[in-house]
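**Q** One letter stands for each residue in the lines below.
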Amino acid sequence: MSLLLLLGVLLSGGVSLAGASKLYPVLFLIPLKDILFFVVMLITTMLTIYVSFVLIRLIFERAVNFIYSRKIYKLAYWLYYYSKYPIFSERDIDSCYKLANICQFLGKIEESEKYYTKTLELITNKYNLISNINLLSIESIKGFEDIDSVLEYLKVREAEELATLEKELKASQNREAEQRADLEHAKKLEYLNYMAGGVAHNINNPVGILRLAAQRGLRELEKELYPKKAQEIFQRILTQADRLHNIIQNFRDYAKGDREKRETVALNAVVEQVQDYFSNQLAAHQIELITELAAENPHIEANHFVLQEVLINLLSNARDALENQPNAQIIITTWQQTEKVGINVADNGAGIPLEQQKSLFSPFHTTKAHGTGLGLNFAQKAVHELHGTIRYQENSPQGACFVIEFLQNTSDNIPIS
Amino acid sequence: MSLRPYHVLIVDDEEGMREELRELLTDEGLVVELANDGIEGLEKLRNSHFDVAVVDLRMPRMTGLEMISHVDAEEIDTYVIILTGHGDKNDAVQALKLQETVKDWFEKSSLDAKTLIKRVKRLAEGLSFEEIDRLFAGITKAE
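These protein sequences, in sequence, are chains A and B.
Per our numbering, the first sequence starts with residue 65, numbered consecutively.
Per our numbering, the second sequence starts with residue 723, numbered consecutively.
Do not rely on the hints blindly, as some may be mistaken.
[To be verified] On the chain B side, residues computed to face chain A include the following (Cβ under 7 Å): (1) GLY807; (2) LEU833; (3) ALA835.
[Claimed, not checked] Which bits of chain A does chain B cover? Going by a derived footprint, with three or more residues having C-beta under 8 Å, they are: (4) 277–285; (5) 301–315.
To be clear, the hints were calculated from the coordinates, so they are not data collected in a lab.
Don't be surprised by glycine CBs; every beta carbon is placed ideally from N, CA and C.
Work out the full structure, taking the sequences as your base and the hints as a guide.
**A** What follows is the structure in structure tokens.
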């Protein structure tokens, strides 16, 4: 309807423009081609006007930008100021920002603050910046050539901020996981201690009975002079009962051992005990456990249980590395040099690839399907707490070797165990 | 030398342990009675006189420690030797310090027959001498 009305209003003008030869008194008598001609003319005229506006705007913008880039701020301000509406709207972030800069330069502080604030508003509306709102202060966006530089700067800042946030998050996650692992370890120990108590009590009873029976048997034999063979048998029962008792005692000592205490520890004794625990278990995996103990019987000021745990950790790693390998061997060596003493745990497995060696001791580094990646990290922490170092080296001819090193105990009265 | 055979009470919930101890001590000429747990043990101590009681710590119904504290509180004239599994070594040491009746403790899993016999006999003798002292004191008073 409105279109028809418009046509009606513009009718006479259109007709005269077209220079139509005939005038018709009534609308519907105008021939169709004249109407079409009129409409086409109208659209063309409108388009021309619109394009001219756009062109003028573009040229004007270019000119103003040129003036701005030449730092002729006064003129630029004048142009901006009087052309803001309608040619430059405040929606145009770049213009808005430049205008703010110009005002800033010309000392129109209030006005510049206004435009900067507006710019900020436009930036936040248009770009979905995740980063901290602190990033978007007026101060932080001042002093750039144009809005592109501002946005670029903000993007960089945002990326940086995201990276730090991610880093912090990861660090806190790691910390949490480490704490969790520590807690689990403590829990396990507590449980082990509890178990050991029960196991000890349950086993100690039969062991006690065995001992008493064997001793009674021996006494009977003494009285009546039975054949020597029976004596041997009872003696063997007694010896085995003693051995059982020792195993339980070691197990229990380990479970409830005080890991904070520092005492003089003989490295050979630690290795021997670990060998006692594990040689059978390793043999079940077709792995031979060999120990080479230093004749000097090296001592350090440390904690027996912690050292044991470190060795157990390394042994269990070696065991995993040697799974299904023919002639698998683990060799634990204690050694003493002029200033240092230490323990080496070596295996003849495939060794550790170079790219993994760097992050070997960092937490959550694992190549095992079910590993926590905390074993070596724990070992390193434990050794550091005992003021020692642990490092990896290649074993010759093949395999991995972990070297645990301590400064030698200098105190004179070292007990020989 | 003793005037009468010494009486020993063995309190342990483990049958094998009880039997072995009984055989061992009877063989040495001691009169041995057995109790399954703290309650039974305490009952027997109240009803008849024992020179020494060999008491296990972990038992059902009434633990050795509870029983010993009763013995101490009721001033029953019996010396106690504690037997422990490895787990309650500290309890044994603690009891030895705090309870007057407790005179010694042994670890079950490293129990040495000779030492145990020696210790039981010596305690029983000690108590008997005290008994004799008291007896004499009674006589002198009566006079």
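**Q** Look at each hint and say if it fits the structure.
**A** Okay, the hints, checked on the actual structure:
1. GLY807: At 4 Å from the nearest chain A Cβ, GLY807 of chain B passes the 7 Å test, so the hint holds.
2. LEU833: Hint on LEU833 of chain B: holds, closest Cβ of chain A at ~5 Å, below 7 Å.
3. ALA835: Constraint on ALA835 of chain B satisfied, holds at 4 Å.
4. 277–285: holds (count 4)
5. 301–315: Since three or more residues must qualify, the claim that chain B covers the stretch 301–315 of chain A holds, with 6 doing so at under 8 Å.
Violation of the numbered hints given earlier is absent; every hint is satisfied by the structure.
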